[in-house]
Every structure is written in C-alpha cells, then in structure tokens.
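S.K.: Here are the chains, one letter per residue:
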Amino acid sequence: MSQYVLRRVLIAIPSLLGISLVLFVVLALAPGDPFSELATNPNVPAEVAASLRAKFGLDDPIYLRYLHWISAMAHGDWGFSFVSRMNVDQLILQRLPATLYVVGSAQILALLIAIPVGVYAATKPYSLFDQIANTLAFVGFSLPTFFTGILFILIFSVTLDWLPLVYTTDVKGTGIHWVLEMIRQAIMPVAVLGLFQAASMTRFVRSAMLDVIRLDYVTTARAKGLGQAKVIVKHVMRNAMIPVVTLIALQMPAVFGGAIVTEQIFRIPGIGSLLISSILANDTPVVMAVTFVFACLVVLFNLIADVLYGWLDPRISLR
Amino acid sequence: MLDKKLRAMIDKVADGRMDRRAFIQRMAAVGLTAPLANQILALGGVAMAEGPSTYKPTKRGGGGALKLLWWQGPTLLNPHFATGTKDQDGSRLFYEPLACWDPDGNMKLVLAAEIPSIQNGGLAADGKSVTWKLKPGVKWHDGKPFTADDVVFNWEYAKDPATAATSIAVYRDITVEKVDDLTVRILFPKPTPFWADAFVGAAVGPIIPKHLFEAYKGAKSREAPNNLSPVGTGPYKFIEFKPGDLVRGELNPDYHMPNRPYFDTLEMKGGGDAVSAARAVIQTGEYDFGYNIQVEDDVLLRLEKGGKGKAVYAVGGDTEFIVLNSTDPNTEVDGERSSMKTKHPLFSDPAVRKALTMLVDREAVKKAIYGRAGRTTANFLNGPEKFVSKNNTWEFNIEKAAKVLDDAGWKPGADGIREKDGKKLKLLYQTSINGPRQKTQAIVKQACQKAGIDVELKSVVASVFFSSDVGNPDTYPKFYADMEMFQIPMSQPDPAQHMRRYISSNVATKENKWQGPNFTRWANKDYDAIIEAAEGEMDPIKRAELYIKANDLLIKEVVFIPVQHRLKVEAAANNLVCIVSGWANETDNLFDWYREV
Chain A
1 MSQYVLRRVL
11 IAIPSLLGIS
21 LVLFVVLALA
31 PGDPFSELAT
41 NPNVPAEVAA
51 SLRAKFGLDD
61 PIYLRYLHWI
71 SAMAHGDWGF
81 SFVSRMNVDQ
91 LILQRLPATL
101 YVVGSAQILA
111 LLIAIPVGVY
121 AATKPYSLFD
131 QIANTLAFVG
141 FSLPTFFTGI
151 LFILIFSVTL
161 DWLPLVYTTD
171 VKGTGIHWVL
181 EMIRQAIMPV
191 AVLGLFQAAS
201 MTRFVRSAML
211 DVIRLDYVTT
221 ARAKGLGQAK
231 VIVKHVMRNA
241 MIPVVTLIAL
251 QMPAVFGGAI
261 VTEQIFRIPG
271 IGSLLISSIL
281 ANDTPVVMAV
291 TFVFACLVVL
301 FNLIADVLYG
311 WLDPRISLR
Chain B
1001 MLDKKLRAMI
1011 DKVADGRMDR
1021 RAFIQRMAAV
1031 GLTAPLANQI
1041 LALGGVAMAE
1051 GPSTYKPTKR
1061 GGGGALKLLW
1071 WQGPTLLNPH
1081 FATGTKDQDG
1091 SRLFYEPLAC
1101 WDPDGNMKLV
1111 LAAEIPSIQN
1121 GGLAADGKSV
1131 TWKLKPGVKW
1141 HDGKPFTADD
1151 VVFNWEYAKD
1161 PATAATSIAV
1171 YRDITVEKVD
1181 DLTVRILFPK
1191 PTPFWADAFV
1201 GAAVGPIIPK
1211 HLFEAYKGAK
1221 SREAPNNLSP
1231 VGTGPYKFIE
1241 FKPGDLVRGE
1251 LNPDYHMPNR
1261 PYFDTLEMKG
1271 GGDAVSAARA
1281 VIQTGEYDFG
1291 YNIQVEDDVL
1301 LRLEKGGKGK
1311 AVYAVGGDTE
1321 FIVLNSTDPN
1331 TEVDGERSSM
1341 KTKHPLFSDP
1351 AVRKALTMLV
1361 DREAVKKAIY
1371 GRAGRTTANF
1381 LNGPEKFVSK
1391 NNTWEFNIEK
1401 AAKVLDDAGW
1411 KPGADGIREK
1421 DGKKLKLLYQ
1431 TSINGPRQKT
1441 QAIVKQACQK
1451 AGIDVELKSV
1461 VASVFFSSDV
1471 GNPDTYPKFY
1481 ADMEMFQIPM
1491 SQPDPAQHMR
1501 RYISSNVATK
1511 ENKWQGPNFT
1521 RWANKDYDAI
1531 IEAAEGEMDP
1541 IKRAELYIKA
1551 NDLLIKEVVF
1561 IPVQHRLKVE
1571 AAANNLVCIV
1581 SGWANETDNL
1591 FDWYREV
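Sequences listed follow chains A and B, in order. Take the first sequence: its position 58, counted from the start at 1, is 58 in my numbering, and no numbers get skipped. With the second sequence counted from 1, adding 1000 to any position gets you my numbering.
One thing to keep in mind: the hints can contain errors.
[Stated by the list, open to error] Simulated pairs of lysine-lysine, DSS-like, Cα-Cα distance not exceeding 25 angstroms:
1. Lys-55/A - Lys-1510/B
2. Lys-1343/B - Lys-1424/B
3. Lys-1159/B - Lys-55/A
4. Lys-1366/B - Lys-1450/B
5. Lys-1400/B - Lys-1439/B
6. Lys-1403/B - Lys-1420/B
7. Lys-55/A - Lys-1210/B
8. Lys-172/A - Lys-1308/B
9. Lys-1458/B - Lys-1366/B
10. Lys-1178/B - Lys-1190/B
11. Lys-55/A - Lys-1513/B
12. Lys-1178/B - Lys-1217/B
13. Lys-1217/B - Lys-55/A
14. Lys-55/A - Lys-1220/B
Rather than coming from a laboratory, the hints here were simulated on the basis of the structure.
Construct the entire structure; sequences and hints are all you get.
M.R.: Right under this line is the structure:
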C-alpha cells in the first residue's frame, strides 16, 4: 500500500512538470499586458510601461522565464504579482478562508441533500417521491448558477430585503452576533452552489444505488431477515458509494478553487474571484500560481480517491 | 483684441469690480476650462481663490460608517505604483497631495498653506518655478511631523527609474528643492504655464512619508512593508488592506482640517460588476457610494425609481472619439502595416473624411446609449458644457454625406458600395469590447451602409486593445484598421498633455516599438507649430487661443470625429453629500464628504 502511494507520488512529479510547462507557455503566449491600463493614461508615457515590462522580466524569452519560475517555485517562492506588487502566496492565503467557507459549506449542503434523497429515491424507484426528486434535480442542474444567483438576489435582497447583496469580508461585531451575520451573508451563495451540486449528485447517488440494490446478495441479505434500514445502509450503500466517492474526491479541488461565477456575483473575496480578476488584469504570476495549485490538487485528490477505493472495497487491490 | 479685453477683465477682478465667477464664465465663452481660467487669473496678478467650501458639519466624527463600493477594487496602495485610477483612489484615502481640484476646477488646499500666486511670491513671472508653502503642524498617522523633506523625498523617489514609479513622467524633468522646513520650490526646465501638476491631485500628487520609504528608494522599492499598509496624513487612518477586495480605515483624530472628517470608519469594497454595484447603492442601499457606474441610463433610471440612491454626474473633459487612420493599414512596408511611408487610400480624399463626420449620429448615440452620462459635441477638446468652444458645429445628414461623395466621384457600384478608380469604400472599424462601444459601432455602420459605405466591425478585448504588448497586432497604437474608437481620459485640468500627443514626432511606429503616443499617424506641420508655440507661451490668453486653434485644426482635418463628451457617473445614497470632480479622482475631495441628517 505505502509502496503504491510512493509510486503514484513519483509518477505525479513529471505530470505536474508537464502541466506547469503547458500552463506557462499558454499564459506567456496569451495576448494582453499587465500594464495595459497605463497605456490610456496620457500622464504616463509609453516608455514607463515598457520599462516596467523590462523590470518584471516580461521581455525575456519564454524558456528563460519558465526556468526562472520553476527554480523560484522549487525554493518556495511563488512569484510576485505585477498588479499588487506583493507575493502571490500571500494573496492566495488571504483569499483562501472565504472560498473554503463558502464552497466547503456548499459541498456539505449538497451531500446532505443528495445522499438521503438519492438513497430514498432509489429504494422506491418510480414512486411519486422519486419522480419529484428527479424533476427537481433536472431543473436544478439545468439552471446555471449565474441565473439562480441573480434570481436569489432579486427575490431575497431586492424584493424582500432579507439578505445582503454584497458579501462583506470583515463582518462587524463579535461572538454570536458575528457568527449569525457570517451565516446570514453566506446563505444565498451557499444555497446557489449547494443546490446546483446537489441536483447532479442526487441523480448520481440514485443510479449508483439502483445498480447495487438489484444484486443477488441484497436479496440474500433480505432473505436472511435483515431489516430494510440495515440492508440499505450496511449492504447497499457501502458498495454504491464507490463511484460517489470518486465524484466527491474529484470535486474537492473545486472547493479550493472557488466558484468563479458565484464569487463574482456575490462579491465573495475567494480564489475564484482572484483568478478572474488576475486573468482580466493579465497578472500572469497569480494566474499561473492559482492554476498550478489546482493542478496539484487534482492530482492529489485522484490519489486519495484511489486509496479510498481499496478501503471501501477490499476486492480492489492496489499494487 | 481678445487679449486687451482680457487684460481689462483681469484688472476688474483684481479691483473687485468683477466677480471671479463672472470672469470664469466669460472665459468659458472663448472655450477656456475653469482651472485654466483660474490660472490665468493667478498669472494675471489675481490670486487663485479656493473654491467655496460646502462642508457643514461642525464637529469631527459622529457620522458612522462610510461604505464605498469600487467594482474594481484597488490592488495596491502606493500612489507612485498606481497602474489605474482604482489604485489612485485607494491610495488617496490615506495619502494627500498639496492641493486638489474641486468640481468647478478650482484649486482646493490640502497640505499646502496657500495657493502660489505672483502676489505672494509663489509663482515666478517667467513660469520657471513655483514655491509652495506647507501647512504647519501636519502630522503623519504615526505622529511624525510632515515637512518639506517629505515633499523633496517624493520627487527623488519617483524620478529614480529603478523605483519603477508610474508617476515618473511628472517628476523626472523637474527639480524640487527645500527652501526651509515648510517651503519647497519646484524648478521647471522651461516655462511651464500649467504649474499645478507635481504634488497636486490624486493621480500623481499624493505624498508618501520619507521616514518610512527612505530605505526603499530605487530597486528595493517593492520590498517596502508600507507599500501595503499606508501611513499618510489623510482624514482616515489605515486599518486593513486585502488587494482587490477590501480597504478599511478609521477616523484620524489629529487630522489637520477643522471638523473633518465626518465619518468614523471607512470601507472600500472591491469586486463584482458595475450593474450590481449600482443596485447595491441605488436600490438596496447597502453601500453609500459606487464609483464609475458605466451602466445604460435606462437601467439607472429604473433603479432610481423608489430606490435609496441616485446617479451623480461629474463633468470633466473625456471625449469618446473615432479616429481615422492617416496611413494604409493593409499595405506592409518594411514589415510594418500602417506605416508612415503609406497614405490611406480612401481617407486621403478629404471628401470621404467629411462624409464620415456627417454619418455619425451623435444625438442617437446619446439617446440610445449614454443618456445623462453623455453630451453631443463638435470638439475634440471638451471642457464642462458651458466651456465648449463655439467655432465648430456638427450635423448628421445621410443625404448630404451621399452628395459629398457623389460630387467627389465616389459612385455606387453594382453591389451598392461606392467606388472610385477601382477602390471600394470598405472600412474596418475597431474598438474595445464594451457594451456602449459595440452599440455605437452598430449605429455608425447603419448610417454608413445607407450612404453606400461598407463598414466591417471589429471589437478587441480591452486588455489587449489598450495593451503596450509589441507582439500583439490588435492594440490601438498599432492601428491595423481604418477607423478606431475609444477615449483618452483627460486626467488633468489642462490641455497641454492631451494635445501634445498628436504632434508629428510622436507618431507610433515600428521603430519606436509603437510607443509614440500619436496613434492617429496624422502629421501636420501647422499643428506642430501651434503646440510648440503654446508650450512656450507664458501669456495665458494667447496660450489658450493656441489650444483652441489646435482643436479646430483636428476637427477641420477630420483627424477625429468626436462621438460624445462623456461625464463621470457615480452612484450615491440619497443622503450622502459627495463632492466629486470631473477633473480628479472620486476620492480626491473625500475629506469634504458628509451625510445630511
């Protein structure tokens, strides 16, 4: 087992290098300029932008810039944002809590809805409950988050005036008041994201359960007189969860990556909004760092999912 | 003639026989902007007055929280590194210049004790130096005194190329010297009629403390810890900064202006988009002020109905224009398109240029797109509405345009497109991606089609279009199109920099890596001479006449077709008294903001 993990980690290194190279080249070739705003300011002559480009090494050949970047990264130096003139790791760490809180809560909400609803729907296929759950799930994942987000804002902020439209980074107050306010302002974004995730996950859980529930060993379990609850939870769910675990594990990087659209709509200062504003400002070091972190997380969670398989189903051997 | 009249008028103001305001309005009639008119008075021997203060609160603080919504939040808080107005706005919350501009274009004192004039010995008669007296007793937020050394340091800091300051252009050619602890003198290399550039306004003016930045001048500039935690002299003290997201401040109890500031805390939130920012201010009232609300007027009007806020407008000198390429974008000479060695095959016929001016329906653009945020104009150089020069007019007339083309020999071909000598009237018209711009393109294209001109539209992502990336063909300085449309913000209440762009030695070419600011590629000896004369002209009246002449030449030769004189649009809570100047950043007058109870 530990040998397997070690081997997987070693394989990950060249693939991450490859990913970083591709990302770097694509970003370097992409059009745009971090100092574009200077270009329209009549007070700033063009040579100022040019000297800034030279100072930040933007005029060097791509392979040199890549070598610089990779060697700095190896020393733990994530680079330096052109736009904020501060270190990239600092920027990312500043944005991480908001993303973890909102997107993490949304994932938990999605699981809390999807697993019970999916499991119950699968035990009674084509019942009224199943039909309703299915319909809602279809509606849920057909509506994009930017639409539901704006709809929620219109209903709950503008018309009813219950919830704030703008996510505040530092909520005033302490103790219970602070907690309540943090929850209040996260309700809309968490609901938008959570319901969207829950919709597709419900369908997934249901079909995974249906695959297993018809198997002979389930009939055997019932035949030996086990109760319905015990059969479903102990015998069916454990096996049905294997594909669900993969799905969840592969979604974990998205938790760290933030939900770009939702963060933009509700002004949540998360990684997603950092990424989008950095892309718009052509702040390549930040874009590079954020996307590279995503790549690492995807590789890592793939590995975790594989290890979890072995634990969930001893028949799968890891070699 | 004008000259004599003006002298008499200045004398009248000096004797108190004429009101300053009346003088400025008379100046307006000849197309002079308010700030310039004031400087004329200053040079003509009448002290430049501070604009009247409208500040009412009688005690410091007690105003609660002021919540600002900047849909593009500041990403850094050192004014010398500001890459855009958002950074200037954020830095200006804590740092202050010697003086700033009020909505009428009058100078307002901040860290200076008096406005330099010839009477008080502040202005040299030859225009080669200006002496500023600093307010005594001003303290930095950490308690250290503010002195002339700080001012001199800012000049040394910004002019050092290794610092990589974006304000370098203002500071590198001047010399700043300390006269005594509270006096500094700025020396100009040549007579400088517009002396209020260095240390004035939010864009390049704010002063950073010497004792905290001294060790970080030059190549080490990016390591300064205070780049992210400003210690200024402003009405609000710094608490917290998260780039692109949040800036927070609190009342400065030792602020140097009486009864100011009004608010106890300050918050500037970033992120999102202009429409939802307008909503959060005008409709739900969660925020007090939102900046740069470039939203269609219909939407704003709808939000304002029964809302909690309103749209606020500030008049400056920003002009949205279409520029006609003077060179041929489709012929490559020595690896360069739009080369100065070529002539535009269609626009070299003045009739085509003239016809195009009549095909831009400025009234429709105003009605359908800009609404209250735009004014139709015939001029390239626009002051406030009452200052518009009267020498030019514009009209929209498709029949007349068609006739001009007919008379010049451009006859419609079989496909309805006019042609002459085998050249078809087909034009490529580019701009940046931005809702109002695409709609304007459509309006122009439609009119051109009716007149037998085929227009192909192209829109480029703003971050590419406005980029200085030499490798990209779609930037506005490369101008690989027949026409392009955008605006160059007039960030200073004086036309000198704005108009200097278009002299022939400034043309953007491959040789200067397209860094020459004259993207029009229009080269005209008369224009060069006018600008040259204006820049050496110390007589403010003659100087103003020269700039009007320069504007008229740009319009007569149809280098530009002005589309709209654009106003700044902000969103503000109904009870917020926000002073916003079209000649300065939104936060430049923040110390005078208060809430009506």
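S.K.: Next, verify each hint and record whether it holds.
M.R.: We went through each hint and held it up to the structure:
1. Our distance criterion of 25 angstroms between C-alpha atoms is met by Lys-55/A and Lys-1510/B, whose separation comes to about 22 angstroms.
2. The suggested pairing of Lys-1343/B with Lys-1424/B holds, with an alpha-carbon distance near 16 angstroms, which does not exceed 25 angstroms.
3. Note on Lys-1159/B and Lys-55/A: the hinted pairing holds, with a Cα-Cα distance of about 16 angstroms set against a maximum of 25 angstroms.
4. With a CA separation close to 20 angstroms, the supplied pair Lys-1366/B and Lys-1450/B stays within the 25 angstroms bound.
5. This hinted pair checks out: Lys-1400/B and Lys-1439/B have alpha carbons roughly 24 angstroms apart, not beyond 25 angstroms.
6. Taking the CA atoms of Lys-1403/B and Lys-1420/B, the gap is about 14 angstroms. The hint holds against a cut of 25 angstroms.
7. Straight-line distance between C-alpha atoms of Lys-55/A and Lys-1210/B comes to about 24 angstroms, which keeps the hinted pair within the 25 angstroms bound.
8. The straight-line distance between the Cα atoms of Lys-172/A and Lys-1308/B is roughly 23 angstroms, inside the 25 angstroms bound, and the hint therefore holds.
9. For the hint linking Lys-1458/B to Lys-1366/B, the alpha-carbon distance of about 21 angstroms falls within 25 angstroms, and the restraint holds.
10. For a cut-off of 25 angstroms, the pair hint linking Lys-1178/B to Lys-1190/B stands: about 20 angstroms separates their Cα positions.
11. Only pairs whose Cα atoms come within 25 angstroms are accepted, and Lys-55/A paired with Lys-1513/B is accepted, the gap being roughly 17 angstroms.
12. A threshold of 25 angstroms between alpha carbons decides the hint, and for Lys-1178/B with Lys-1217/B the separation of about 19 angstroms falls inside it, so the pair holds.
13. Restraint check for Lys-1217/B and Lys-55/A: satisfied, since their Cα atoms lie roughly 15 angstroms apart, inside the 25 angstroms limit.
14. For the hint pairing Lys-55/A with Lys-1220/B, the CA-to-CA distance comes to about 12 angstroms; that is within 25 angstroms, so the pair holds.
Checked against the numbered hints given earlier, the structure satisfies every one of them.
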